[in-house]
Each structure stands twice: as structure tokens, then as C-alpha cells.
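2 protein chains.
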Amino acid sequence: MKVTKKKVAENRSALLLAAARLFRERGIDGVGVDEICKKAGLSHGALYAQFPSKEALAAEAFAFAFKRGFERIAATNDGHPVTLTDYLDYYVSADQRDHLERSCPTSASAGEIARQDTMVSERFTEGFGQLVAVIEAGLNTSPITAERRQRALAMMAAMMGGLAASRAVAKANPKLSDEILLAIRQVVGQIGGEDLQVQDARVQARRHTTKR
Amino acid sequence: MKVTKKKVAENRSALLLAAARLFRERGIDGVGVDEICKKAGLSHGALYAQFPSKEALAAEAFAFAFKRGFERIAATNDGHPVTLTDYLDYYVSADQRDHLERSCPTSASAGEIARQDTMVSERFTEGFGQLVAVIEAGLNTSPITAERRQRALAMMAAMMGGLAASRAVAKANPKLSDEILLAIRQVVGQIGGEDLQVQDARVQARRHTTKR
Numbered sequence: 002m003k004v005t006k007k008k009v010a011e012n013r014s015a016l017l018l019a020a021a022r023l024f025r026e027r028g029i030d031g032v033g034v035d036e037i038c039k040k041a042g043l044s045h046g047a048l049y050a051q052f053p054s055k056e057a058l059a060a061e062a063f064a065f066a067f068k069r070g071f072e073r074i075a076a077t078n079d080g081h082p083v084t085l086t087d088y089l090d091y092y093v094s095a096d097q098r099d100h101l102e103r104s105c106p107t108s109a110s111a112g113e114i115a116r117q118d119t120m121v122s123e124r125f126t127e128g129f130g131q132l133v134a135v136i137e138a139g140l141n142t143s144p145i146t147a148e149r150r151q152r153a154l155a156m157m158a159a160m161m162g163g164l165a166a167s168r169a170v171a172k173a174n175p176k177l178s179d180e181i182l183l184a185i186r187q188v189v190g191q192i193g194g195e196d197l198q199v200q201d202a203r204v205q206a207r208r209h210t211t212k213r
Numbered sequence: 002m003k004v005t006k007k008k009v010a011e012n013r014s015a016l017l018l019a020a021a022r023l024f025r026e027r028g029i030d031g032v033g034v035d036e037i038c039k040k041a042g043l044s045h046g047a048l049y050a051q052f053p054s055k056e057a058l059a060a061e062a063f064a065f066a067f068k069r070g071f072e073r074i075a076a077t078n079d080g081h082p083v084t085l086t087d088y089l090d091y092y093v094s095a096d097q098r099d100h101l102e103r104s105c106p107t108s109a110s111a112g113e114i115a116r117q118d119t120m121v122s123e124r125f126t127e128g129f130g131q132l133v134a135v136i137e138a139g140l141n142t143s144p145i146t147a148e149r150r151q152r153a154l155a156m157m158a159a160m161m162g163g164l165a166a167s168r169a170v171a172k173a174n175p176k177l178s179d180e181i182l183l184a185i186r187q188v189v190g191q192i193g194g195e196d197l198q199v200q201d202a203r204v205q206a207r208r209h210t211t212k213r
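Protein sequence lines correspond, in order, to chains Z and U.
Going by our numbering, the residue at position 157 of the first sequence is 158; the numbering climbs one at a time, nothing skipped.
Going by our numbering, the residue at position 166 of the second sequence is 167; the numbering climbs one at a time, nothing skipped.
A few of these clues could be false.
Note that the list lumps identical chains together, so a pair holds whenever it fits in one copy or between two copies.
Stated by the list, open to error - Below, a list of computed lysine to any residue pairs in the SDA-like style, where the Cα atoms sit at most 25 Å apart:
#	residue 1	residue 2
1	Lys172	Phe71
2	Lys40	Asp30
3	Lys39	Glu137
4	Lys172	Gly31
5	Lys172	Glu127
6	Lys176	Glu127
7	Lys39	Asp90
8	Lys40	Ala134
9	Lys172	Arg27
For the record, the hints were derived by calculation from the structure and aren't laboratory data.
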């Protein structure tokens, strides 16, 4: 019985890992359960023993990917409190843009969530709410007079939309793709009241690293 | 010969109409060519006579939907020059959120474009560029000191991401969905230097109309 429980947990992890990666890389509707099973090295039976439907798997895979991303931001800061600047640097980056398969699912899957069922919407809403709360907590005084919560919502939206746009234009116009990331990073930092000296230094550093 | 040319043009319109609607509603990877032919009332032969691949159809359907939306904004303003406020009102609205099938494809399909080929990326880049140019032309002085072009890019990104987020949370939390739209409308207007009195009036009016 003990071995079985362990095996069940292992199967669950393998399925979530495979699904979270494939759904981000190719879209929820772009991947079938066959492929997820194959990537996880498991049978359909093993999948349906844990997830009653593809929608249920998509919802849990979203939460799984979100949690890992959220933990990764904290980890990259060596235990120091994560600042607004850390979040913006992590989220609005060429690395996030260029690696759909391991990027934040809030941006990788946002456009598709509307076409999925309530379960998936619930997991998205949880993740989105956590990110907005973290952004709001890190806000400084800003020239934008909208309420703090509104600023945080708009910053999150600009980051999500900015990543989507930078990915969408990348094949046709890589230079524009970089320009979008830089613009988002700068304007979102200003809405957040980020120290302008910090921001300028980051943007300068970025000009050297995002060249392709 | 004349009749044939006319028929070819009719078929093309029917296919683009069907594809543009279905791709926005259900996602490019969520719809097969079978379904598009069926909706257009045409055979596979008729489709492939005009579009060599599904990707080619997706690229043209994007351009077709974009052009119609772009014309519609101008039309709703009774021939008066379209202002920044008109654009923001049109784009960041419950109507756009709730009707994927006839919404601006820049927001309906943004997240999926990265997974399509270069042809689709090219059409997206054209539409995105046109919208950003219109926004930039309508900018006023704003407390955000980033360059005008950067502000326009960030505003466009916030509108795209805001619509995606408001749609993604709608099933789980309709109230949050409305809150996101309001926040985006307000903050994006401020980045654009929109007259605050105009903005307040619009936001007040909206508080009464977006209730569900």
C-alpha cells in the first residue's frame, strides 16, 4: 500500500510536469492527452486515475507551473525580500519571452483561459491575484494617481500583454520584440514608482543583453 | 470567366468571415479546416484553391478581422476624427471582452501567435504597429516621462493583457473581471495624458453599464 501511494504521487508529478510544459509551449488546445501520457511515460489509465478530464489536468498543471515560477523568483533573490524591481526583471525578460515552456503560465496561457472551463479560470484567478498582491505590496509613490490596486492591476496587465506582443512579433520583427520588452519594463517601473536611477541602470544593462 | 472570378471572390470572403470568427472564438489550434469549410458552406477544394495552408488562412483571417475592427472604430465616430478616448473606450470594453468572436484579433489571438508561423506573425506585427501608431498620435502630456513611443507600446500591451486577464477570470470571478477593465481604462488613460475630467465622466458612466 505504501509503495502504491508513492507510485501514485510519482505519476501525478510526472503528468503535471509534462502537461505544464506542453500546455505552455504549444497551447492547451494544441496538445492532446496522448502526447502528455507519452511524455510522462504513463498510460491513459494512469492519467484518468488522477485527473477526471483534460480540463482538470489543465487546471492543476496551471497551478503547478504557477507555484514553481513563484518559488523561483524568491529563490533567485538568495533569501532577501523580493522587491518590485526583482519581479519586473524576472517577468519582463527575454528569457521569459523565449522559453514559453518554462515561463510564467499567467502570460503563456492567458489568452486561452477564456476558452477553457471554470476550473481553469479559478486556478488562473488565484495565480493572477497572488501576482497582483505582490506587485501592490511593492508599489512606491508614482505620478499615476489611480488607486494602488488599480496601478497593480494595470502593471500586471501590461506585463502579460507585453510578453504576448513581444512573442507574437518575434518571428516577423525581432528588433520590435526587444523594443516592446524595454518599453514595458520602463513604463511599468514608472507606474510602480520604481526608483528612476535603479531603473535606468537596469535598462542600460538590458540593452546589452537582449541583443540577438 | 467573369462569373468564375466573382465566385472566387465570394468564396474567399465566406472563408475569411468563417475563419476569422472561429479562430477568435475558439483559438487557431482549437478549430480545424473542416469546420471552417462547413461554416462557409464550401468544400476543402475551394479552401485550398485560395489558401495553400491553414497557416496562410490564419494569417489572412487575422488581417481581415483587424481591418474590419479598425474601420468599425472610425465608423462609430460619425466621421469625426477618432480621439485617444474613442480608441480606449472601444478597446477596453465589456463588449470586446464578452464577444471574442467579433473582438479585435490583436487581443483575441495574441497569445497564440507565438505558436504559429512567420506569416501569421507578420500580419500580427502590421496590425499591432497600426494600433500603436494611432495611440502614439493621440498622446497628450503625461506624468510618465518615458518616450512617447514607449508609452504607446505600454498602453497597447496593458489593453491587450487587460482584456486577456478580464476574460480569463470572468468565469471564476465576474466582479474582478469588471474591476480589471476599469483599472486598465483608468491607468492607460493617465499614461496617455487623457484629460482627467473626460476620464472620470467615462469611468462613472461605465460603472453603471458593466454591471452584470
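Problem - Identical-chain pair category, Lys172 with Glu127, by Cα at 25 Å - result: Classified as between; 13 Å across copies, 32 Å inside a copy.
Problem - Homo-oligomer pair classification [Arg27, Lys172; C-alpha up to 25 Å] - result: The answer is both: 16 Å in one copy and 23 Å across copies each meet 25 Å.
Exercise for the section: Can you give me the call for Lys172 and Gly31, within, between, both or neither, at a CA distance of at most 25 Å? Expected result: Classified as both: same-chain Cα gap 19 Å, cross-chain 22 Å, threshold 25 Å.
Problem - Intra- versus inter-copy proximity for Glu127 and Lys176 (alpha-carbon distance at most 25 Å) - result: Cα proximity of Lys176 and Glu127: across copies only (14 Å, versus 34 Å in one copy).
Practice task
Pop the pair Lys40 and Asp30 into one bin, within, between, both or neither, using alpha-carbon distances up to 25 Å.
Solution key: Classified as both; 17 Å inside a copy, 20 Å across copies.
Practice task
At 25 Å max between alpha carbons, let me know whether Lys172 reaches Phe71 within a copy, between copies, both or neither.
Solution key: between (28 Å within a copy, 24 Å between copies)
Handout entry: Status of Asp90 relative to Lys39 across identical chains (alpha carbons, at most 25 Å)
Key = neither (35 Å within a copy, 47 Å between copies)
Practice task
If the cutoff is 25 Å on CA atoms, where do Lys40 and Ala134 land: within, between, both or neither? Let me know, please.
Solution key: Answer is neither: 35 Å inside a copy and 44 Å across each miss the 25 Å cutoff.
Exercise for the section: Could you figure out if Lys39 and Glu137 sit no more than 25 Å apart (CA to CA) within one copy, between two copies, both or neither? Expected result: For Lys39 and Glu137, neither the intra-copy (41 Å) nor the inter-copy (48 Å) Cα distance is at most 25 Å.
Hint check: violations occur at hints 3, 7 and 8; the rest are consistent with the structure.
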